[in-house]
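Those protein sequence lines, which keep their order, are chains Y and E.
For the first sequence, position 88 (counting from the first letter as 1) is numbered 276 according to the working numbering, and the numbering increases by one without interruption.
For the second sequence, position 62 (counting from the first letter as 1) is numbered 64 according to the working numbering, and the numbering increases by one without interruption.
Derived DSS-like pairs: lysine-lysine, alpha-carbon spacing no greater than 27 Å straight-line:
no., chain 1, residue 1, chain 2, residue 2
1, Y, K337, E, K88
2, E, K83, Y, K337
3, Y, K273, E, K265
4, Y, K273, Y, K230
5, Y, K337, Y, K358
6, E, K83, Y, K358
7, Y, K359, E, K83
8, E, K344, E, K83
9, Y, K316, Y, K230
10, Y, K201, Y, K230
11, E, K92, E, K344
12, E, K344, E, K88
13, E, K323, E, K92
14, Y, K337, Y, K359
15, Y, K201, Y, K273
16, E, K224, E, K234
17, E, K92, Y, K337
18, Y, K316, Y, K201
19, E, K83, Y, K316
20, Y, K316, Y, K337
In case anyone wonders, no lab produced these hints; they're calculated from the structure.
Here the structure is a predicted model, which is why all the values come from computation and not from measurement.
Here are the chains, one letter per residue:
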Amino acid sequence: MSDVTTGELFYQKVNQAFPGAIDRAVEFRGEHTLVIRQASLKDVCLLLRDNEELACNLLEDIVADDMLPEFPRFAVNYHIYSIPKNHYIRIRVPVEDPDDGPETLAAVWPIASWLEIEVWDLMGITFKGNDQLRRLFLPEDWQGHPLRKDYPLGYEEVQFSFNWQAIDAKKPYAKD
Amino acid sequence: MARGVGIEEPGSDKVKELTVEELRAKYGSGLAVQSEENMLLSMGPQHPSTHGVLRLLLELDGESVVNLAPDIGFLHTGIEKNMESKTYTKALVMTDRMDYLAPLSNNLGYIMAVEKLLGVEAPPRAQVLRVILTELTRIASHLVWLGTSALDVAAMTVFLYCFREREYLLDIFEMCAGQRMMASYFRPGGLWRDVPEDFEPAVRRFLDFFPERILEYEALLKENPIFLRRTKDIGVISAEDAVAWGMTGPGLRATGVNWDIRKAHPYLTYDRYDFDVPLGENGDVYDRYRCRVREMSQSVRIVQQAMDSLPYGPVLTDNRKIAPPPRSELGRSMEAVIHHFKLWTEGFSAPEGYVYQRIESPKGEFGCYLRGNGTANPARVHFRTPSYVNLASLPNLARGLMVADLVAIIGSIDIVLGEIDR
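With these hints in hand, go ahead and build the complete structure from the sequences.
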């Protein structure tokens, strides 16, 4: 688990290099999170990767969160790990407009382009500069982004005798 | 009712001739085609060697792979969205179904995240039993990997031997949890119930005969010239590339990077046991094979030490707000009845906040991001599954090699489609 000095280390380094970038630092259950403004994300991540004391070379995961009804609605979490130093940090970026999301981190950690495809597919946050964003999990012609809170869970309508014809007309199967 | 797909109304023009460019754009799945003269082949979702419903779009120049793009989503069942409408305990059963070859490992990742969020801890006996069962799951998962990937390079004997061993492990899981595969044995606060009396003799017997079985498999494969030709210097990845592309687990350790979460950030009781982390040198298919086989022997060591140090005690925490009381208490105590009622009807609620718990699953780093919002249902669950991230390295591993090598490489990165697609 990160101890306090590790969380402080990250905070100090990032604050020193980019004074206005950090919104706040959160510590919960022994985990440290830096909430970073969307515009400074890529610079902060380059610092995390290139600084010798931080040396964060592994991007573990990009997790998108829909915080409806809070504002800003979306948040993108980057779980970043340093294998040489054995410490980790979470960078959290609040995103107000999903069509105007953070910049892609493919230049920092190449795995980011692959992880961002999932975020776009299921949550709908567009990462600027990532031309690989496409339907990966869902079929190509799917509308909507299922993991959002206003997207219903979705059930299949039960075909009783009174609505058989109506559902049959809409059901996509091979008809003559 | 909810419909995502644009259902065509009857009478619309559903069948439309698509041009080659439109087909490429629609089904190209993100493949940047290098040359118009190369053949595009879909190593389709139904294929005996892709270890599940994985579609690889290959661009082939004769036999060699110029470029490839994985197309996934054939097993996507919306687990993460589904879990948001279940209570924490009920959502547990969905985690088994992700990496279905190592279900207890998924359970562990999720349950530890729930316990972290709640701030409870499992009692010592439960922790050691979790270690034992997780390591047995690691052995079971590696046995399936060994059997299927050896089968892909036509070593059929190994396949049957591995599944024979796995039957014994599945019997042990059935003894504990009632289920061979999707055990859901770990619960928030500990385990579902204590292990029966036959557990210890069964595990001891397994530890007796298994190490020489590993030697049997190695005798079949380790110096087999055909196996060496198929796996040595095939699918090489450097350590920097592996880390940059997020590869974790035995695939990363085969390149020489010494990172195992059980050693780096020990969870449960892993810091008390003496075990090695096997490393490779070249990062090729052969090194990944050697790492996983040696990991099986190390798991045997861990289980041996854990069984020797298994403490007595309860297997479920005393915190009645989280864990249900034993049935015997219900007759005597009103509070127990109330707790039981609240847990069964409403479920426990978690505080607001988000946690990320990482564990070392057989395939790599398995992470669970969990956000609670004060209700009994998780607000957001996300699983960082190792197979999904390791799959991104597949183009780097296979570029320039033949299709037959690609089959060996897919076997070596040990993917499970349930985990990729969720």
